[in-house]
Every structure is written in structure tokens, then in C-alpha cells.
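**Q** Each residue of the sequence shown is one higher than the one before, counting from 1 in my numbering.
Calculated from the structure, these hints are not laboratory results. It is possible that part of the hints are untrue.
[Unchecked claim] Distance condition first, Cα-Cα at most 30 angstroms in a straight line; then the derived BS3-like pairs of lysine-lysine: (1) K152 / K141; (2) K270 / K152; (3) K373 / K297; (4) K38 / K139; (5) K176 / K38; (6) K139 / K123; (7) K230 / K38; (8) K152 / K220; (9) K141 / K123; (10) K123 / K297; (11) K38 / K141.
[As the list claims (entries may be wrong)] DEER-style ranges, computed between Cβ atoms: (12) R180 / F32: 17 to 25 angstroms; (13) F232 / E50: 21 to 29 angstroms; (14) G306 / S228: 20 to 28 angstroms; (15) T34 / G186: 13 to 21 angstroms; (16) Q309 / L149: 20 to 28 angstroms.
The C-beta atom is built at its ideal place from N, Cα and C for all residues, glycine as well.
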Amino acid sequence: STWEKFSKSVNCFDMLCSSCRVAKLSNEFSDFVTEMCKHPPDICLSCLVEPNQRCSCGQSIPQARAAELKLLYDRMYPLLPVADHEMGAPLQVLLLTGERFFVPFHDGMLVSDIKLQLEGLTKIPRYHQRLMFNSVEIKGKVPTPVSTLGLKHGSVLQLMSVYNNNAGIIGSNGSKILDRFGNALGSNFDLGVDGAFQGMQIAVLHLYTGEGFDFSLPLKAMQKKGFSVKRFTSPPPVSELVEVLGRSTQLWLISTRQPELKPEHVTVIKDFFNSGRGVYIWGDNEPFFADANILTKDLFGITMRGNVQGNQCVSAQSGGTGPGFTNHFVMTGISQLFEGVTIATIDSNAELTPVVFGSAGNLVTSSYDRNNKRALIDGGFTRLFCNWDTAGTERYVINAATWLVNFENDW
Numbered sequence: 001s002t003w004e005k006f007s008k009s010v011n012c013f014d015m016l017c018s019s020c021r022v023a024k025l026s027n028e029f030s031d032f033v034t035e036m037c038k039h040p041p042d043i044c045l046s047c048l049v050e051p052n053q054r055c056s057c058g059q060s061i062p063q064a065r066a067a068e069l070k071l072l073y074d075r076m077y078p079l080l081p082v083a084d085h086e087m088g089a090p091l092q093v094l095l096l097t098g099e100r101f102f103v104p105f106h107d108g109m110l111v112s113d114i115k116l117q118l119e120g121l122t123k124i125p126r127y128h129q130r131l132m133f134n135s136v137e138i139k140g141k142v143p144t145p146v147s148t149l150g151l152k153h154g155s156v157l158q159l160m161s162v163y164n165n166n167a168g169i170i171g172s173n174g175s176k177i178l179d180r181f182g183n184a185l186g187s188n189f190d191l192g193v194d195g196a197f198q199g200m201q202i203a204v205l206h207l208y209t210g211e212g213f214d215f216s217l218p219l220k221a222m223q224k225k226g227f228s229v230k231r232f233t234s235p236p237p238v239s240e241l242v243e244v245l246g247r248s249t250q251l252w253l254i255s256t257r258q259p260e261l262k263p264e265h266v267t268v269i270k271d272f273f274n275s276g277r278g279v280y281i282w283g284d285n286e287p288f289f290a291d292a293n294i295l296t297k298d299l300f301g302i303t304m305r306g307n308v309q310g311n312q313c314v315s316a317q318s319g320g321t322g323p324g325f326t327n328h329f330v331m332t333g334i335s336q337l338f339e340g341v342t343i344a345t346i347d348s349n350a351e352l353t354p355v356v357f358g359s360a361g362n363l364v365t366s367s368y369d370r371n372n373k374r375a376l377i378d379g380g381f382t383r384l385f386c387n388w389d390t391a392g393t394e395r396y397v398i399n400a401a402t403w404l405v406n407f408e409n410d411w
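Can you build the whole structure from these sequences, using the hints too?
**A** Rendered as C-alpha cells:
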């Protein structure tokens, strides 16, 4: 259907159907096939609605359950309605679930007006909404009337929530399907929705590439949410950095043992941050925080230092003190987090919010969320490539990328 084509245009594929052998979106699979099945679903809805289809485990699908699966399929892939441009016709807004909402239209209305009305209709906060018209995003900060963007009476828009329903909830939130560290399985426990960030770029200054660190694991995780990545393994010419950052939602800097950034690079990064776009500054044990310290001192008046043995997992803080992580959006869906192998300690100040304290009680990760600007500072970049499959790393990385987009500032 037309809607099926649209949903794929804004998402990435992360599950393989065992029947058609085609890579599909995670939301193209039912939560279960039959009540008798004791395994995760591995046949997509498109295949399950075929006549006489059985589950991969051999279970036949009762007629009543087949009807439920057909209803799920029809809701997932409704035909986009034909636009009715008659005077007085409302805007039609469709969710990926197939639900349709109607918003009264007038020539002078703004994108922010539409999002405010949709917040009341859908219960999706306006700053978590991503609105598409003709497969192009329309943003809330645009002060001009939506009629100048081509919208008219009866126009059809698509709406996605960039955050999952579990956003901001630490831990497994009652899920009974957990990994060996107690973290809930399933991308619906991540902060961001799979594919919701299609068309958004992350720039990476990847200055430490030793020990086989090729950024392939974080890259795959980011792509799952729809992000593209432009990575440099040495500082590019300043003009090229300006051009790349002009197309990026955020910058990740992974420091090495000696300074590699020129003062002109630092100025460009500072301007980028002050424009309201996100920055993640990664260092590690001494001396692998050279450029990280140059930036953190310039932007926040702090540095990182030392060499603390980590290699442990931490959980939510008990009583708000000691080792562990705080209640922060980047910890959504995480019960246990690997702290890194050997890690640096970050200085604290009143402008920064602690996020992760290591097993030794040292501050490993801090966040900045003020004046419509966001940043993360981290003393443990080893977890980007060491023990990746240990507790919570992939979810943390994609939560961080999601949070740094700062949709709340751009609704």
C-alpha cells in the first residue's frame, strides 16, 4: 500500500522474516502468533495474513486469531486517503498505527498550531512529534503559515512520535523478557522509535582508532534509529567541518592522547553547540582526553582526569548517592550499564547534571541541558568498542543520540 511504502521510507530494517526471508521493521511483527507459541515472533504480518499460514513452530493459527492478525495488518498499512481540497475540509493526519485524526485548517495557521492540536488529540507531546508532508519534514519553529509550505484544506500529513511510550522510565518497566543483565529486550524500551530519525546526520570526530576501534558497533546502533553518520578519523579542513556540521544534528568527539584539533576547529564546534545542536565529548583514562579537555574547559569550565579501574556494571543509584546512574532520559530502559574498562573522572559544577557514577564512586558521565542546548561528557569511551554486548551499551548509545537531537527545542 501507499502507507507501507511511506513507513519504509522513514524507517530502517532490523528483523528478518523466516517465511518470506525479507528484512522488515520490528513493528511489522505481531507480539505473538498464537497463545501456544513459546518463542519470539519471526514471521511478519504480511506473511501471517496469507491463507493457511502456520507459525514457524508448526502451530496452526485459529480462525479468530487469524482475523486479529488481519486487523493488525490493515491498521499497520492503511491506504493513504485521497486529499479533499474542498474549502472547509480539515487536514488529515495519519499515524503509523493507521489511526487518523482531523485538524481544522485555516490559511494563517502555523506548524506549532497543528502540533498543539495533535497533542490534545493523540496525547503525543508536541515536542515529540515529527510531521511529514509529501515525505518532507515540517518543523514547528518555522514561523511562516503552513499554506506557504503547500498545505491546504484536506491535505494529508503523516505523524510519528520520536519517543517510545517508555521514554524516561528507568529499568525494565515490568517486562518479563530480559537479557542476562536484566535489561528489557525489544527496541520499544529504547528512548527513540526505530527509524524516526531518518534524514538526520551525526558527525563523528573519531580521533582514537587503536585496539581495532572502528566505530562499527555504534554506527549499526545509530542506523537502527534512522541516523546517518559522517565520520572523520582525523580533523578535516575547517571549511569541510563547517559544511558537515551544517547538515548535522549533533557532533560526537572521541579524544586521543595528544591534541589534534586546531583553535579554528574548537571555535567551529563551540559555534555549533551554541546554535542549539548537540555535542557528545568522549575521553578515557589518562592521557586519552587531550581534545576532550580542551572542549570541556572552553564550554563548561571543567576537565576530566585520572585512571580508574572500572570493568564493572552499575545499576540505578540507591538513595541518590554512590555508584550507579541517575534518573535521566538517556538511561531509559536500562537496569544495568557497563561502565567501561579503565575510565577517567569528570569534574563537576553547578551547570552539569551527573548521569553515571562508576563502581568506584567517580563521576563518569555528565549532561548539560540549559538554554536550549544539550551536551554529554564521558570519561569511558572504551565501552563504545570493548564488551559491547555487556550490559546496556547499545541502548545507552542510541538513547544518547536520540536525546541530543533535542526535539524539545525544535518542536
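**Q** Would you check the hint for K373 and K297, treating anything up to 30 angstroms between C-alpha atoms as holding?
**A** 17 angstroms, holds
**Q** When you check the alpha-carbon spacing of K139 and K123, does it fall within 30 angstroms?
**A** 19 angstroms, holds
**Q** Taken at face value, is the distance from the CA of K141 to the CA of K152 at most 30 angstroms?
**A** Within the cut-off at roughly 19 angstroms; holds.
**Q** Taking 30 angstroms as the top limit, are the C-alpha atoms of K38 and K141 close enough?
**A** 48 angstroms, violated
**Q** What's the verdict on K141 and K123, does the C-alpha distance respect the 30 angstroms limit or exceed it?
**A** The hint holds at about 20 angstroms.
**Q** Is K152 within 30 angstroms of K220, Cα to Cα?
**A** Outside the cut-off at roughly 39 angstroms; violated.
**Q** Take the C-alpha atoms of K123 and K297, compute the straight-line distance between them, and say whether it is at most 30 angstroms.
**A** 41 angstroms, violated
**Q** Look at the Cβ atoms of R180 and F32 and judge whether their distance stays inside 17 to 25 angstroms.
**A** 22 angstroms, holds
**Q** Could you say whether the range 21 to 29 angstroms given as a hint is met by the Cβ separation of F232 and E50?
**A** Between F232 and E50, where Cβ atoms are some 47 angstroms apart, the hint is violated.
**Q** Just to be sure I understand the hint, the distance between the Cβ atoms of G306 and S228 should be within 20 to 28 angstroms; is that true here?
**A** 35 angstroms, violated
**Q** K230 and K38: Cα distance at most 30 angstroms?
**A** Measuring from Cα to Cα gives roughly 41 angstroms; hence the hint is violated.
**Q** Decide if the proposed pair is consistent with the structure: K38 and K139, CA atoms, cutoff 30 angstroms inclusive.
**A** 43 angstroms, violated
Hint compliance for this structure: hints 2, 4, 7, 8, 10, 11, 13, 14 and 16 are not met, and every other hint is.
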